[in-house]
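Each chain is listed here by its residues.
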Amino acid sequence: MNTLTIRCISEALSPITHMQGVSGNEAMIAREPVTTAHGTQWIPFLSGNAIRHRAIREPGVLWLIQAYGLKGIISLAELNFLMHGGNLTESNRAEDTGRIAEMYRTWPLLRLLGGCLPNQILAGSLDVWRGVLVCAENTSVLCNDFGLRDVGLRPSEQWIDGYQYTRSDAKGRALHQTADAGLFPDKKSNTNLMIFNGQCVTRGAVFAHGFTCKAVSDLEIGALLWSLRLWQAGGGTIGGQASRGHGRLKMTLIMDEVLDQDGLCRSYVSHAMSLKDEAVAWLHGAFA
Amino acid sequence: MEIPQLLDSLTTEEFRQKLAGLSRETRGHTDHDVEDMAIRFASILPLVFGHDLDRLTLWNRIGSALTTSAAKTVDGDIGFFVQSVLTHIQAETGQAVSMPDMMDILGKTAAWSLEDRQAWIRHFQTHLIPTLIFARAQWNEHKEHTK
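Chains as they are written, first to last, in our numbering: chain A, 26 to 313; chain B, 46 to 192.
For reference, chain A alone in the conformation it holds in the complex (with noise of 0.2 angstroms):
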């Protein structure tokens, strides 16, 4: 068991639109305030709970469910638990420390993550950093956390920019293909053309993580491991407008030692492969 601090970078090899909420039509970026020698700036980042459950949490739970062949067979429950944490919706005054050693075996990912079965929190071992924008006003961060020297960063705002979509509607174009062109027949007064806008990182800018693995044996980091690379595989999306090809992340692990990335994901894969039916078992008597 040891603790061990993975740092990475992620580039954005599209715009990035992790939002906060909307203003109008226009979808305004996540920011953060952060004290600066200029006052505080207000600056985009990624929070740990997005990558949390888009790097890690969904990858590596979707592809148990296949390798378990689990779909179709799991609860709502038991799939609220293993993709999203779960809810504690029971008495949790007895603990069950048997139960949660037999996770801690079948489930690396769980341990590392944690979870609520309904009676019982199930502390996880991993401090997921938020993503930190390279950039001028995170300098002090970035020293201080990636030993970074002030090189003299470009401001966030020269990261920020925008985009406009239109969503249209079928009666410009195709309203003959239904039942109800006689209702307009002055088509092009009735159009409803919606434009919807707003704020992106740009292309090329790069964001600043880590995860904080605690007391972890070489499975959880091999589960780690395993679910950051079928994310990137996945495409390694992060925030809205997918749909769209935004939101796509180049992730880079720094790091000065050499780590057996593919000793550790083996050991993981093989693990998991070999425990599936107590692990599956485990999961249908937690949720009994």
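Hints listed in this document are in silico derivations from the structure and should not be mistaken for laboratory results. Be careful, since some hints might not be right.
[Unchecked claim] To spell it out: a stretch of chain A is covered by chain B in this simulated footprint if at least three of its residues, at any positions, have a beta carbon under 8 angstroms from a beta carbon of chain B; those stretches are:
# : segment
1 : 164 to 177
2 : 252 to 260
3 : 277 to 289
Being a predicted model, the structure only gives us computed values, none of them experimental. We put the beta carbon where it would ideally sit given N, CA and C, even for glycine.
Position chain B relative to chain A; hints supplied.
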């Protein structure tokens, strides 16, 4: 199932080198210089505004000329940018080439660094309306002096 590729990795030193590409532009001129030059350029465009165009659309058309030309220009190509603007407002070639101010602006901006030229062109997209407000004031001042 296809085995996903290994994640790429960099050392800390390689990471630092990669960040050199994200470092601040080497600007020789301040934002104030860029703004002044932008206003000056926009303020002389009424002099060469096409005779066939409706004079009542003067500032709207200059605005659209600057915006669309800035959007089309790559690599800080000042010559292309100016050509595109003048074409958009249907400037008469003979009139444009005989303007000392045009020569001065082209000469000075052509000597700027790539980053400064890009900043100048980008300024018309990001600060168009304030630029036109000051340009119009300068143009009106010019008209008063030449009455």
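Outcome of the hint check:
1. For the segment 164 to 177 of chain A, the assignment as covered by chain B holds, since 6 residues bring a beta-carbon within under 8 angstroms of that chain's beta-carbons and 3 suffice.
2. Counting residues of the segment 252 to 260 of chain A whose CB lies closer than 8 angstroms to any CB of chain B gives 5, which reaches the minimum of 3, so the coverage claim holds.
3. With a cut-off of 8 angstroms between beta carbons, the segment 277 to 289 of chain A has 8 residues touching chain B; three or more are needed, and the interface restraint holds.
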